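For what it's worth, this note's numbering labels the leading residue of the sequence shown as 194, then goes sequentially.
Note that these hints are calculated values from the structure, not bench results.
This structure is a prediction, so every number in the text was calculated from the model and none was measured.
Note that CB positions come from ideal geometry on N, CA and C, so glycine has one too.
Label-pair distances were calculated between CB atoms; the ranges are:
| id | residue 1 | residue 2 | range |
| --- | --- | --- | --- |
| 1 | T255 | W276 | 21 to 29 Å |
| 2 | G257 | D205 | 16 to 24 Å |
| 3 | D205 | P229 | 18 to 26 Å |
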Amino acid sequence: MGVDLSQRLAPDGLWELGAPLLPSFNSRPQGGGTAPCDERAVFTAVVYVLTSGCAWRHLPETFGVSPATAHRRFTAWTPAGRWRRLHRAVLDELGARGELGWASAIVDAASVRAKRGAR
Numbered sequence: 194m195g196v197d198l199s200q201r202l203a204p205d206g207l208w209e210l211g212a213p214l215l216p217s218f219n220s221r222p223q224g225g226g227t228a229p230c231d232e233r234a235v236f237t238a239v240v241y242v243l244t245s246g247c248a249w250r251h252l253p254e255t256f257g258v259s260p261a262t263a264h265r266r267f268t269a270w271t272p273a274g275r276w277r278r279l280h281r282a283v284l285d286e287l288g289a290r291g292e293l294g295w296a297s298a299i300v301d302a303a304s305v306r307a308k309r310g311a312r
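Could you put together the complete structure from these sequences and hints?
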């Protein structure tokens, strides 16, 4: 994977915030199973799919991660609240630096339930 693409999708600062939030790989004591892979490469591949709209099966080989591995990690991280924690960590970091402005906000109906009015 190109260094420029990797740095754009998962810059060092984002990776430093995200890495502690991801579960560590635990190898099976009896051996076998899936070999460990570079966690940052998996994270970058998942960010690529989420930001590009690419189908998992079309994940470029240049990431060094199989589409199945990237999708499996994404489906494990999502219910565990990893993305919510990462989002909060990014907001906390930006707030601590004074780089977070709340002058405007966007509310997406897909993530915020619409309030029902009186009939």
